[in-house]
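Trainee: Protein chains in written order, with the numbering used here: chain A, 77 to 188; chain B, 851 to 971.
Please keep in mind that the hints were generated in silico from the structure rather than gathered at the bench. Every value quoted in this text rests on a predicted model; they were computed, and no experiment measured them. Errors might be hidden in some of the hints.
No farther apart than 25 Å at their CA atoms in a straight line, the calculated lysine-lysine pairs in the DSS-like style are these [as the list claims (entries may be wrong)]:
#1 LYS916/B to LYS175/A
#2 LYS914/B to LYS175/A
#3 LYS128/A to LYS175/A
#4 LYS905/B to LYS916/B
#5 LYS175/A to LYS870/B
#6 LYS136/A to LYS153/A
#7 LYS144/A to LYS128/A
#8 LYS905/B to LYS870/B
#9 LYS132/A to LYS144/A
#10 LYS864/B to LYS175/A
#11 LYS153/A to LYS891/B
#12 LYS175/A to LYS905/B
#13 LYS132/A to LYS175/A
#14 LYS864/B to LYS914/B
#15 LYS891/B to LYS916/B
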Amino acid sequence: GNSVTQMEGPVTLSEEAFLTINCTYTATGYPSLFWYVQYPGEGLQLLLKATKADDKGSNKGFEATYRKETTSFHLEKGSVQVSDSAVYFCAPLGQGAQKLVFGQGTRLTINP
Amino acid sequence: GAVVSQHPSWVICKSGTSVKIECRSLDFQATTMFWYRQFPKQSLMLMATSNEGSKATYEQGVEKDKFLINHASLTLSTLTVTSAHPEDSSFYICSASTQGLATPYGNSPLHFGNGTRLTVT
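Whole structure, please, built from the sequences with the hints as guidance.
Mentor: Okay, here's the thing in structure tokens:
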């Protein structure tokens with residue numbers, strides 16, 4: 077089955093710092109890759125996705141590139157804001173599958 | 851589009867009682883819904899897959915007699931925690947599958963409710 081390893085948190089940065097959250101996955105075939113974000117006390121929201129190798133997903137200043145050769149989908153943002161404080165989850169979804177398997181999540185705190 | 855409503859958002863109950871949590875897809879039909887459990891500062895653990903009109907499929911280690919799931923219609927799935935105990939206190943999140951649906955519903959394979967925080971005293 078699919079599995080994912082995420083950078084351990086918590087991660088604490090100052091506003092305007094550069095962010096990288098590492099994610100590597102194990103999956104059969106050609107999965108789609110997702111980053112979800114969970115704000116305090118809420119469910120998960122899709123942040124970005126990539127459906128094939130070398131695709132770059134982007135949203136709200138965040139980016140992640142589907143690297144099949146390294147089975148990675150690292151999340152980056154050039155300049156973080158306090159409002160980016162949340163928990164971030166990486167998840168692969170195998171072809172034809174419906175169940176999303178989440179990484180352990182990375183808690184991000186941005187200080188003003 | 852693809853709004854999932856989960857109710858209640860929080861509930862406190864006494865040990866030994868049962869609690870029902872509802873998950874509704876408001877603007878689309880969801881033949882498949884998923885129930886997750888999240889402990890503090892931990893990831894989401896998939897509990898079960900709920901299919902409309904059939905029995906739920908539970909993940910290994912999840913007690914199906916304790917966590918009753920009913921998916922009676924294409925827009926509603928319920929999770930009932932029976933005879934709740936303090937160790938059942940957790941954050942429960944439902945999600946509805948939009949696989950196969952046209953965008954914008956299909957932009958994400960899952961759409962999540964806002965979760966229910968259950969506290970058993």
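Trainee: Hint check: LYS128/A vs LYS175/A, CA-CA at most 25 Å. Holds or violated?
Mentor: holds (18 Å)
Trainee: Would you check the hint for LYS864/B and LYS914/B, treating anything up to 25 Å between C-alpha atoms as holding?
Mentor: Given that 25 Å is the threshold and the Cα spacing comes to 21 Å, the pair holds.
Trainee: Does LYS916/B sit within 25 Å of LYS905/B, going by the straight-line distance between their CA atoms?
Mentor: Given pair LYS905/B, LYS916/B holds - Cα atoms ~15 Å apart, limit 25 Å.
Trainee: Is the straight-line distance between the alpha-carbon of LYS916/B and that of LYS175/A 25 Å or less?
Mentor: Holds, at roughly 22 Å.
Trainee: Run the distance test for LYS914/B versus LYS175/A: straight-line Cα separation, threshold 25 Å.
Mentor: holds (18 Å)
Trainee: LYS144/A and LYS128/A: Cα distance at most 25 Å?
Mentor: holds (8 Å)
Trainee: Sort out whether LYS870/B lies within 25 Å of LYS175/A, counting only the CA atoms.
Mentor: holds (23 Å)
Trainee: Compare the distance between the alpha carbons of LYS136/A and LYS153/A with 25 Å, and conclude whether the hinted pair is satisfied.
Mentor: holds (9 Å)
Trainee: Between LYS175/A and LYS905/B, does the CA-CA distance stay at or below 25 Å?
Mentor: With a Cα-Cα distance of about 16 Å, the restraint between LYS175/A and LYS905/B holds, given a limit of 25 Å.
Trainee: Does LYS132/A pair with LYS175/A here, judged by a C-alpha cut-off of 25 Å?
Mentor: holds (23 Å)
Trainee: Sort out whether LYS916/B lies within 25 Å of LYS891/B, counting only the CA atoms.
Mentor: holds (24 Å)
Trainee: Is the hinted pair LYS132/A and LYS144/A satisfied, with a Cα-Cα distance of at most 25 Å?
Mentor: holds (12 Å)
In summary, the one numbered hint that this structure violates is 10.
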